[in-house]
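So the sequence lines, in the order shown, correspond to chains W and L.
The working numbering applies: residue 130 is where the first sequence begins, and numbers increase by one.
The working numbering applies: residue 130 is where the second sequence begins, and numbers increase by one.
Among the hints, a few may not be true.
Covered stretches of chain W, as calculated for chain L (at least 3 residues, CB under 8 Å) [claimed, not checked]:
hint, stretch
1, 513-522
2, 648-655
Calculated Cβ distances over 10 Å to all of chain W for the following chain L residues [stated by the list, open to error]:
hint, residue
3, Lys229
4, Thr277
5, Ser335
6, Ile763
Quick list of the computed label-pair ranges, beta carbon to beta carbon [stated by the list, open to error]:
hint, chain 1, residue 1, chain 2, residue 2, range
7, W, Lys321, L, Glu477, 54 to 60 Å
8, L, Lys163, W, Phe518, 42 to 48 Å
9, L, Thr159, W, Glu160, 22 to 28 Å
10, L, Asn480, W, Glu160, 42 to 48 Å
11, L, Pro450, W, Leu449, 14 to 20 Å
Please keep in mind that the hints were generated in silico from the structure rather than gathered at the bench.
This one's a predicted model, so the numbers in the text were calculated from it and none came from an experiment.
Built from N, CA and C at the ideal position, the CB exists for glycine as well.
Number of protein chains: 2
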Amino acid sequence: MERNIYLKKASLEKAQKLLLEHFKDYELKTEKVKTKNSQNRVTAQAVYAEKSAPDFYASAMDGIAVKADQTNYASERKPVILEKGKDFTYVDTGDSIPQKFNAVIKIEEIEIISEEEIEVIKSVPVWHNIRSIGESVIKQQLILPANTEIEVFDIGAMLEAGVTEVEVYQKPKVGIIPTGSELVSPESDIKKGQLVDFNSTMLKLSAENWGSQATNYGIVKDDYDKIKKNIIKANGKNDLTIIIAGSSAGREDFTLSILQKLGEVLVHGIEIMPGKPLIIAEVNNKPVIGIPGYPLSALLDFNLFVKPLIKSMYGLEYGLPIKLKAKVKKKIPSTAGLKEFVRVNLTEIENELVAVPQKRGSASMHSLINADGVMPIKESKEGIFSGDFTDVYILKSKSKIKNNLMMIGSHDLAVDKLINQIKKNKENFELNIQSVGSMSGLVSLKRGECQLAGAHLLEPETGEYNISYINDLFKNEKMAVINLVHREQGLMVKKNNPKNLEDINSLKEKNIKFINRQRGSGTRVLLDYLLKTNNIDKTNIKGYEKEELTHMGAAVQVAEGTADAALGIRAAASAVDLDFIPIKKEKYDIILKKKSLNDPRIKRLINIIKSSPFQKVVKELKGYDLKNSGEINIIE
Amino acid sequence: MERNIYLKKASLEKAQKLLLEHFKDYELKTEKVKTKNSQNRVTAQAVYAEKSAPDFYASAMDGIAVKADQTNYASERKPVILEKGKDFTYVDTGDSIPQKFNAVIKIEEIEIISEEEIEVIKSVPVWHNIRSIGESVIKQQLILPANTEIEVFDIGAMLEAGVTEVEVYQKPKVGIIPTGSELVSPESDIKKGQLVDFNSTMLKLSAENWGSQATNYGIVKDDYDKIKKNIIKANGKNDLTIIIAGSSAGREDFTLSILQKLGEVLVHGIEIMPGKPLIIAEVNNKPVIGIPGYPLSALLDFNLFVKPLIKSMYGLEYGLPIKLKAKVKKKIPSTAGLKEFVRVNLTEIENELVAVPQKRGSASMHSLINADGVMPIKESKEGIFSGDFTDVYILKSKSKIKNNLMMIGSHDLAVDKLINQIKKNKENFELNIQSVGSMSGLVSLKRGECQLAGAHLLEPETGEYNISYINDLFKNEKMAVINLVHREQGLMVKKNNPKNLEDINSLKEKNIKFINRQRGSGTRVLLDYLLKTNNIDKTNIKGYEKEELTHMGAAVQVAEGTADAALGIRAAASAVDLDFIPIKKEKYDIILKKKSLNDPRIKRLINIIKSSPFQKVVKELKGYDLKNSGEINIIE
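Could you build the full structure based on these sequences and the hints that come with them?
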């Protein structure tokens, strides 16, 4: 079986340039649309005023139209009295000025004596408060040049100038073909082993947002002839054809050979991560682009290549996302030969914007929606060093980013409820989290990557939580601890406990597969404490080495049957309908620097933790005790 | 007749706060929509994952699934040979891993021996290149909190997590009522004295852009009962009712008294300019807002009040426009007691962003579309001084603004063609202009407000153009002059010359009304020169004092019959179908500092001036000679 390898690899910049250069003379057809329906369309030629506005002398104020001469000697001591009809007439803003009058006095500046007479106490010059013909716009004046995206106020300006129809480019047509035998559409009945195709939905919406008219051709199985047929069909009907998946070097990736047959492949593979397996081809003088199947790769490549291509067909600038400079507080190694795009969270700490990279390599959409920005790492660099300032393309608004509170540490379901409650309250800040375990959270707090760390670290000697760990890490700093919840830890087992586990000692049994939590997590600390006090050797526990990052992750493995038991919180067991064998009540705290207590956002946060709406939803989860929630302890 | 005065005036900040506070508990209904159709909708409650993704062990690469143990001692010297079906199976990215295998080797890393056998030369650890269950998202995980605007990637994340329907707020309904007896709709047959209502179109589109569902109730005449009926109807059916015009203190402004009858008026009048006549009222616990009729005032107030109100109904942040710091190079006086919003052009000169205010007080939409930003001047300030740095809210993208070339000076129709040609060529810069006359342009260039000045200033002694003026103003600076065009100046008169004007001497005649150009304009200099050489006293010319700012402005006054003659260029006369009596050929130049010739944009500009597409469209205008176009003269 033949397999494709990357023959026409290019750097990002080279591939982008090649694509735009190659199709720079691609011409879109034009059409006339009603001006009022032309928002976000692009002018195909210059628009000139068809009439002047106003095309008559119009009052610029609410008031009276007068003959300026008659007011010449008016003063407070010697007011001039004017007679309605003969000497003046009432006019409103925009009203036409009768020919015999040549100035307007504001309504506030006259004294009404009777229905028929008014008094003027100040002279007005000729043409005062009168808009002359063409004041707003003059016939034949240039309103909009060609290749201009039409905005709301452009529509106003055109209508003002009598332009009721406008010549615009037809929207470029984009045909999208998702491929893959394992794919099913999101709304179908999904079986195990099938993957939901949501790429085509995201790409269609994106293409439409950028001004194109997009068609989704529906999922095509990994079948040479079917894929070929669809490419030919889409290429015939569209300006731009997109094939999703089928651009990497996999067994069933026919796209490359099909495109080589139908036209010319210009690029295959770009030196970026994610997003490497990209194909740029020309078929019948039209672009055909193969986009990788991983959602993050697909979105990134689509933004890096298809957006500029559509914009360039219109003659519009690409419109790079806004970037900010942010400080990185730990070394981020780079990958040789690849330009990498790393998702980061951003937060302002001591007046500096700090970028906190998310776990790399994840293909998850979920990690993207929690990111505040994307940080490019150049292929030429040895990575980014701690203390470096670097560019971040932001995904959220600047003001949102500035107001973010960042919390790193242990995962808890009550934290999700806290995030939601903040949004429900319409607070002016948001809480961002990274779930990396209790110890890693404290280390991030120490490094200055977050304002808050979430931890439930048992001190085996005292039975206390967190304090000694904080004392060890923050020797010269006054710290504060806010209790979030007390919660039950225990064994999560399948519904009805089919393997009859009883307590921690049951984990030793031969037929029990365990799933562990990662090193540095509070739950791992608890497990090791329990094993020690029960004199259990960890080598006797099957699955001790296999780690999950969150309570829910561990619970899901038990629910799926990959493991028989995991140590975790009752709420996680309950969420996926597992049985729960309680072992210990523990304290989950939010740790912060004492001075952060002055931050108004932190004050609000504490109030929310104490508030009844938050406490109500947490109580609906299972296994929580809120007796000390919101209490503050100072560690000096 | 009773007239309204501003009784409940408030500052901008106070009025905004009052509006948002007053309606902060306004509740939108909710509805379920398909996730794929939920873009830009706002979540009404938290969204949690309905399934894990993947919910099976999936290959993370194109390659082969193997038993990791079997590769343990593989090396280049001792490759391990695996048998298809028994020891390995081909898998593509996303494929389910059969239960007996527990690692994946990338296709690039194996050697294919035959259809049935392959060679492995490196060991792989267990779970290598395998995505575990829930790697992307775990069942019950928080995907989106409440009050979140749904973006493309949020849709992907929801579909990935099995969420095919999402609970969102119903779009707030906005009813828009344009009022005014002088108004007609843009597409009707428009008579003199009628004004086109394009406000309702702009406000409807804006309201929709901000996430509402807007209805235009159509133009309502200035009639107390009709307006009242429409307000009652719109108030009943919508969350928010907008009445356009009818909020100032004019004669026919019934809105205030109607709103006082129907509910409570909270604010009447805000201390800003433009946009002062605003009404905020509550009718049946719903907001009703009176928006002024001037288009710029209407748009500004709509952005300042209705946008935040809609966003706040959703629990979203207002999203202030992006602001930049820019330097002001001449004093801008402020208006006592009013916060003023001044439209400015922005351009980068010697690495500083410079703000150049446009003519103030204009009610023109046209001036807005040519603006790059809006500069607020605080009510408390004495204005802005030359050299001050000040905030500007930008209307265009930052990169567009950075690449703007600014040209200030005389107006010419060939300049419009140049602007259009730059856009047609898809150059990476734009040319912005302010038409203020030749002398003012040179003064702006001197002040450092632009890179280019357009001038056609006659030197009476020599018959030359521009040189002595440049020498006077720029004593110690090396300057350059680029010729744009030669053009014909002459008398613009009505079609068929009904008053039989012959030459400049005809202007003295009693029955001839003249219209002049503003002081400092090249055409005014030419007129004064012609009057002097012909021994004509300006006091003998009727209309010498009435000034127009552009050739087209003057031409339109003649076409409309306000004047019988004006001095101007042939192209302007031709554009509005006037007759033209040629008087003089003159040179229109672009003046710049010599060092600006190194600017790549200027180099492109000169090439465009010399290019045949540009020269072709200019020749199609009347009265142009392009023999020296693009020639450069250095003045040292």
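Each hint tested on the structure:
no. : hint                               : verdict
1   : 513-522                            : violated (count 0)
2   : 648-655                            : violated (count 0)
3   : Lys229                             : holds, 15 Å
4   : Thr277                             : violated, 7 Å
5   : Ser335                             : violated, 5 Å
6   : Ile763                             : holds, 30 Å
7   : W/Lys321 with L/Glu477: 54 to 60 Å : holds, 59 Å
8   : L/Lys163 with W/Phe518: 42 to 48 Å : holds, 43 Å
9   : L/Thr159 with W/Glu160: 22 to 28 Å : violated, 39 Å
10  : L/Asn480 with W/Glu160: 42 to 48 Å : holds, 43 Å
11  : L/Pro450 with W/Leu449: 14 to 20 Å : holds, 18 Å
Consistency with the previously given hints fails for numbers 1, 2, 4, 5, 9, ordered from lowest to highest.
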